[in-house]
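Visitor: Residues -17 to 65 in this note's numbering are what the sequence shown lists, from first letter to last.
Think of the hints as simulated: they come from the structure by calculation, not from any bench.
We treat Cβ as the ideally placed atom computed from N, Cα and C, and that holds for glycine.
Any given hint could turn out to be false.
Unchecked claim - Distance ranges between label pairs, derived from CB positions: (1) Thr17 x His39: 16 to 24 Å; (2) Asn(-16) x Thr17: 17 to 25 Å; (3) Thr11 x Tyr41: 26 to 34 Å; (4) Tyr41 x Thr17: 15 to 23 Å; (5) Tyr60 x Ser2: 26 to 34 Å; (6) Thr59 x Gly0: 29 to 37 Å; (7) Ser2 x Asp55: 13 to 21 Å.
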Amino acid sequence: MNDIKPIMDSNCIMCHGGPSPTAGRDFSTYAGVMTVVTPGDPNSRLIQMTRTGGAMHFYLNPNPDVRAQTIYDWIVTYAAPEQ
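With these hints in hand, go ahead and build the complete structure from the sequences.
Guide: Okay, structure coming up:
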């Protein structure tokens, strides 16, 4: 998760972390992130939400396209290995 941890920490866990995470999704841990990831699957929920046009794409600042691509690569290319 080292590839996407900085993205999750700076862009996601302010809402999707802590005792009452938004939508019940806590992304502060690997296990939490994996609730929206299917390793190797380009249709994983996290990809759908963060790609261009996805509901969370706007929040991936700075450089949302680069950050979305990093998430995509981690899930699809690297099969989201636990690190």
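Visitor: Could you tell me whether the CB distance from Tyr41 to Thr17 stays inside 15 to 23 Å?
Guide: Distance hint for Tyr41, Thr17 holds at roughly 18 Å.
Visitor: Is 26 to 34 Å a correct range for the gap between the Cβ atoms of Tyr60 and Ser2?
Guide: 31 Å, holds
Visitor: Cβ-Cβ distance between Ser2 and Asp55: within 13 to 21 Å?
Guide: 31 Å, violated
Visitor: Do the Cβ positions of Asn(-16) and Thr17 conform to the proposed distance bound of 17 to 25 Å?
Guide: Roughly 19 Å apart at Cβ, these two residues keep to the hinted range, so it holds.
Visitor: Could you tell me whether the CB distance from Thr11 to Tyr41 stays inside 26 to 34 Å?
Guide: 19 Å, violated
Visitor: Just tell me: holds or violated, for the beta carbon distance of Thr17 and His39 against 16 to 24 Å?
Guide: 19 Å, holds
Visitor: Cβ-Cβ distance between Thr59 and Gly0: within 29 to 37 Å?
Guide: Roughly 30 Å apart at Cβ, these two residues keep to the hinted range, so it holds.
When held up to the earlier numbered hints, the structure conflicts with 3, 7 and fits the remainder.
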